[in-house]
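Heads up: the protein sequence lines correspond to chains A and B, in order.
For the first sequence, the working numbering gives the first residue as 1, with consecutive numbering after it.
For the second sequence, the working numbering gives the first residue as 1, with consecutive numbering after it.
Because the hints were derived from the structure by calculation, they are not lab data.
Treat the numbers as computed from the prediction; the structure is a model and nothing was measured.
All C-beta atoms in this analysis are idealised placements derived from N, C-alpha and C, irrespective of residue type, glycine included.
Heads up, some of the hints might be wrong.
Said to hold, decoys possible - Covered by chain A, per the in silico footprint, the following chain B stretches (three or more residues, Cβ under 8 angstroms):
#1 21–32
#2 46–59
#3 127–134
Stated by the list, open to error - Straight line, CA to CA, 20 angstroms or less: simulated SDA-like cross-link-like pairs of lysine to any residue:
#4 B:K198 to A:P122
#5 B:K198 to A:L21
#6 B:K198 to A:D140
#7 B:K198 to A:T19
#8 B:K198 to A:G126
#9 B:K198 to A:G141
#10 B:K112 to B:G98
#11 B:K198 to A:R133
#12 B:K198 to A:L125
#13 B:K198 to A:L139
#14 B:K198 to A:P123
#15 B:K198 to A:G135
#16 B:K198 to A:L132
#17 B:K198 to A:D120
#18 B:K198 to A:G142
#19 B:K198 to A:G20
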Amino acid sequence: MLEVVRPGVMLTVQDRGRTGLRHAGVSSAGPMDAAAFALANALVANDPGAAALEFAGIGGLFRAHAACRIAVTGGTPEMSIDGLRIGPDAAHRLAPGQVLTIGAMGGSVWGYLAVSGGIDCPPTLGSSATHLRSGLGGLDGGTVPAGAMLPIGPFDPRVPCLEPYPVAAPPWPVKDIRVVLGPQQDAFPPETWALLLSQPFTVTPARDRMAMTLDGPPLRARSHDIVSDGTVAGSIQVPGSGRPLVLMAESQTTGGYPKIATVIGADLGRLAQVVTGGTVRFRAIDRDAAERVWIAHAQALRARLHPLRVRIARRD
Amino acid sequence: MTQAPTILPSGDRALTFRIAEGIDAAANAEVIALAAALDAAGIDGVTERVPTYGSLLVCYDPERIRGAALERRLIDLHAALDVRAQPARLWRVPVHYGGEAGLDLETLAEEKRMSPEALVALHHGAEYRVFMIGFAPGFTYLGGLPEPLHTPRLRVPRQFIPAGAIGIGGRQASVNSVAGPSGWRFIGGTPVRPFDPKRRDPVLFAAGDRILFEPIDAATFDRLARRAAEGSPLIAPEGM
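Bound-form chain B, shown alone (with noise of 0.2 angstroms):
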């Protein structure tokens, strides 16, 4: 490993393994591997793991395992690590780009001076990487944005952004998983529901995961859409 982990008290029932502090693919990729390693390793009194960016969450129970215990499996854990071997999930995901969700479609071609079709060309031209879900249910941030599209946050939030909605915050991407407010700025919407706790899998993506986006038109949105709300997951990931 080329970097060495901090690791940072969260309270007395958890810990912050830090691994790095930017956004960094190779440092996500190593954070994922230790939360599968974490798993495997089934050490009694883990309660919950959280990989994020940089960083990899890990709730305990000090009743079962002491924090100082923990560290010490986790420093093994980590020095043991094979990053190369986590398999990659590919997810093509429709989108339906300007419409309902994507209310700053035209807005945003126009500050970047380029055409709707060219900003969506190179948003839906790139591969994304799902870095983590956090904050919501299911909420998915995606790393890999092409640098024209990096777009600072509204200073004051919108109240209402549907699910589904495709997001963009800085040089972050996103699928928005619950309706809620937002200061992100949106360019469209997918009809897969990333989060549904009524589906037998309610999560789709996890962190990790390689995402495509393909631009679907309306139609095709609306049909996809009333599947979804049967509970169909639409889609199915690859390289599994």
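Same shape as in the complex, but just chain A (with noise of 0.2 angstroms):
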């Protein structure tokens, strides 16, 4: 069992998420930073898509009923077991009794916690994942409270704490987020395209798992209304206000917004984790370049979680 004794923003169960069932009405749920998600269970040397906690902005207090690993991943925030820091990113043992403190994320919005084994919730239409906007999935459908009993799956206690090999940065890191036009670009004049791709927007606070409310120069449509059609995570959508939405984990299957353009999957991630005030710049590729894009994306997040290697325990 792992105890949440204070818990953090936003605190839910999330595993890979509900895929198959966007024609009834249920988008797919899931963690808002999949890498990061993936990372702190690969850490654990759990399957990337069990079960693990997501918080927003602040982690909060957990103390161990039985000895497990975990990690957390998604930013740098301040963390400590029993006191004693520790980092993110890395696996660490927690022993009966013990307690797991972390702080705000500072840089970044989206935090994960995996506990090795997983956290053993059953799953609702085939998934683990909280959908808060449907209250389905994770702990009835919804946060976890202060004094939620986790159940956690087994632990192996010869299997070590893991870390990343170290990799590279980019030589040229791509900091504007990605997108293709479409699939209602021509619900929009040129003019439009041209704002989108050459403003900043600042990422307000109406933001949740389902959606991002960006502000900047308002978007002209020729109509905003549209006969809805399917919308996926990264849609663009565009209302009245100008003001574009960007649809992410937890979003409508359908919509009547036109939607000028589609965050590629490989920035969704990047994009959830731009802290509230922080200014986006968007630029297209094309469709083909775009899925070469999502191609190397997963390969590259497959070769970072395989292998990882054995964290040498210091004392902090």
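Fit the two chains together into the complex; they arrive one by one in their own frames, and the hints show the way.
Here's what the structure looks like:
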């Protein structure tokens, strides 16, 4: 059992998400930053899609009631076990009775806490992922409350604590958020495309697991109403206000606002991690290039997760 | 096929196969037939497909199939479609008009200069078509609303509309599936739960189904609502 002594903000159980139910109005849910989520699980030798905890901004206080390994990813919060500082992006052992504290994230938004064996949470419609908006999955479809006792899977004491091999930073780090124009770019005059692709947009506090509202020059469409069609995580909807709305993990499955562009899968987690008040710039690439970026992104993530190396315990 | 489809990229892992831009039962039937043909084709790498009014959204994994190849498969499937072969299920949905969920029945009847009884008769006298399930789990968008009942949405949405509410939004009708905010107008409620994740069939209705509404009284509503709370779907489709 892992006791949630003090939950952080929007603490939820997530796994890889639900697929195959969008036609029934059920979007995938799952982590906002899929790469960070997969890494947290891999560090404690779980399947990359095992059930783990997601939080926004601040993690909280957790007490182990059984031995386990834990790992925190998604940012660089101040963390400690019984008051001794530890670091993110590496596995640590937690003995029964020990208390893990995860502070504020600082430069990012979504953090992950994975526990060896995974969180044992009965699936709803094939997944444990919490869909807050629909009240599905996780713990009764909601956030994890203070005092919750989370059952965790088996712990094998022979498995070492892991950390990733250091990766060289890419020579030209991509800072822009890349998009594929469409599906309804024709609902907008070319001047509006130019605004989207040349001006900075600010992340506003109107954000959750469903969508992020951005502020910038108003984006005008020929009409802000279309006959509803399908949406995906990454769809950039533009309602009558002209303020773009990027749909995220808990997106509605259909929508009646025109979608000027779609954020590519490889950049979705990075967009989710932009702090409120931060700015983003969009850059358009074509669909074939975007697919190649996704394939390279998926391969790079797998290469980072396998192999991991044994973390040599140090006394910090 | 009468209309040439348009294929719209929807990012790096989805595309929208658009057959029509308006609300039209024939185009919708074509979309649903294409979804069925896509299922039957069993194309590796297709992860989701979402039929909507006039488009089919198809999600895919580019590591298994590239968008350009998927487009060619969809164009071939669309060219070979036989829309007439689609079976249509019929559901008889019990509705308690007025009541807790039907908070707009009286005012709407006044606006339309008809009695609430006449409005109800008009609403349940029509046969509806499920154009799509979307927005929220199980939310059922219906076409076939008689023209005198077409009513614009509210400027300011209401914060809480119960599950099972029977709504009107513009020229569309709805069976709401989960409680939540809505700008639609509501004239009644059904004890049937279009979405219940604990049920073996969590989602009752599917795009292409036909729906008839059948009036019930408050006592029947309460009795059926108790059975629905225990997990009964209450109704089964005809014409399978």
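Consistency of the hints with the structure:
no.	hint	in the structure
1	21–32	holds (count 3)
2	46–59	holds (count 12)
3	127–134	holds (count 3)
4	B:K198 to A:P122	holds (12 angstroms)
5	B:K198 to A:L21	holds (15 angstroms)
6	B:K198 to A:D140	holds (12 angstroms)
7	B:K198 to A:T19	holds (17 angstroms)
8	B:K198 to A:G126	holds (12 angstroms)
9	B:K198 to A:G141	holds (12 angstroms)
10	B:K112 to B:G98	holds (16 angstroms)
11	B:K198 to A:R133	holds (17 angstroms)
12	B:K198 to A:L125	holds (8 angstroms)
13	B:K198 to A:L139	holds (14 angstroms)
14	B:K198 to A:P123	holds (11 angstroms)
15	B:K198 to A:G135	holds (12 angstroms)
16	B:K198 to A:L132	holds (17 angstroms)
17	B:K198 to A:D120	holds (19 angstroms)
18	B:K198 to A:G142	holds (16 angstroms)
19	B:K198 to A:G20	holds (17 angstroms)
Checked against the numbered hints listed earlier, the structure breaks none of them; every hint is satisfied.
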